[in-house]
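**Student:** For the working numbering, add 68 to where a residue sits in the sequence shown, where the first one is 1.
By construction, these hints were calculated from the structure, which means they are not laboratory data.
No residue lacks a Cβ here, since even glycine has one placed at the ideal position from N, Cα and C.
Keep in mind that a hint or two might mislead.
Computed spacing ranges between beta-carbons, pair by pair [unchecked claim]: (1) 125 <-> 96: 51 to 57 Å; (2) 96 <-> 161: 45 to 51 Å; (3) 174 <-> 217: 34 to 40 Å; (4) 142 <-> 95: 46 to 52 Å; (5) 129 <-> 216: 17 to 23 Å; (6) 95 <-> 137: 42 to 48 Å.
Listed next, the in silico SDA-like pairs over lysine to any residue satisfying Cα-Cα at most 25 Å (straight line) [said to hold, decoys possible]: (7) 212 <-> 117; (8) 212 <-> 115; (9) 212 <-> 133; (10) 217 <-> 145; (11) 212 <-> 142; (12) 217 <-> 129; (13) 157 <-> 191; (14) 157 <-> 116.
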Amino acid sequence: MNKWLALPLMLALNACSTTMDTEPATTPDPGPAKASTEVLVQSTHSWDGGDFSYPDGDAQLTVVRIEIPAGVALPMHCHPVPLAGVLTKGVLEVDKESGEQITLDAGDGLIEVSNQGHRGRALEEVEIMVVYAGAEGIPVTVLKDGDSKHVAECF
69 MNKWLALPLM LALNACSTTM DTEPATTPDP GPAKASTEVL VQSTHSWDGG DFSYPDGDAQ
129 LTVVRIEIPA GVALPMHCHP VPLAGVLTKG VLEVDKESGE QITLDAGDGL IEVSNQGHRG
189 RALEEVEIMV VYAGAEGIPV TVLKDGDSKH VAECF
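Produce the complete structure using the sequences and hints provided.
**Tutor:** Here it is as structure tokens:
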């Protein structure tokens, strides 16, 4: 074999063997996936400090996803049942008839006011998941200008 050809071949083989002798990087085993929980809000009163109570009757839970386009304000309304929610998207401003106000950002939990007039306004596109703790036959939302017998309880 030509000595000029043998030298580059030996250098190439040496480089390969050096590369092949190194061990590949290993990633530590993270172990099994774990569940986690986080209490977003827990209280004995609503966001404004008001009390709430459960209605009489056969208990009924209702879960609702509410989507509000940016800039839209909901009509004045109330909830004759306790409710809690989580804002999953956007920024929501809630105004009570009394003038009290709260602003929520995505990820915030809320225990909403019961039997008090209020309305929400989406400062950005909003999605909120709400759980109402009501009773059969009792509406979860009553509009101020509506004809429900529960209007008098709220306004």
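**Student:** For the pair supplied as a hint, residue 217 and residue 145, is the alpha-carbon distance within the 25 Å limit?
**Tutor:** holds (13 Å)
**Student:** Determine whether the Cβ-Cβ distance between residue 142 and residue 95 falls within the hinted range of 46 to 52 Å.
**Tutor:** holds (50 Å)
**Student:** Determine whether the Cβ-Cβ distance between residue 174 and residue 217 falls within the hinted range of 34 to 40 Å.
**Tutor:** Taking Cβ atoms as reference, residue 174 and residue 217 lie about 36 Å apart, which means the hint holds.
**Student:** How does the Cβ-Cβ distance of residue 95 and residue 137 compare with 42 to 48 Å: does it lie in that range?
**Tutor:** holds (44 Å)
**Student:** Given the hint that residue 212 pairs with residue 133, test it: the Cα-Cα distance must not exceed 25 Å.
**Tutor:** holds (21 Å)
**Student:** Just to be careful, I want the Cα atoms of residue 212 and residue 142 compared with a cutoff of 25 Å; is the pair within it?
**Tutor:** Given that 25 Å is the threshold and the Cα spacing comes to 11 Å, the pair holds.
**Student:** Measuring from beta carbon to beta carbon, are residue 125 and residue 96 in 51 to 57 Å?
**Tutor:** Once the Cβ atoms are compared, 56 Å apart, the range 51 to 57 Å for residue 96 and residue 125 holds.
**Student:** Should the hint that residue 96 and residue 161 are 45 to 51 Å apart at their CB atoms be regarded as holding?
**Tutor:** Given range 45 to 51 Å: holds, Cβ gap about 46 Å.
**Student:** For the hint 17 to 23 Å, verify it against the beta carbon of residue 129 and that of residue 216.
**Tutor:** With a Cβ separation near 20 Å, residue 129 and residue 216 satisfy 17 to 23 Å, so the hint holds.
**Student:** Is residue 212 close enough to residue 115, meaning Cα to Cα at most 25 Å?
**Tutor:** holds (21 Å)
**Student:** Need the status of pair residue 157, residue 191: alpha-carbon distance at most 25 Å?
**Tutor:** Answer holds: residue 157 to residue 191 is near 11 Å, not above 25 Å.
**Student:** Below or equal to 25 Å on CA atoms is what counts here, so check residue 217 against residue 129.
**Tutor:** Between residue 217 and residue 129 the Cα gap is close to 21 Å, so the pair holds against 25 Å.
In this structure, every one of the numbered hints holds.
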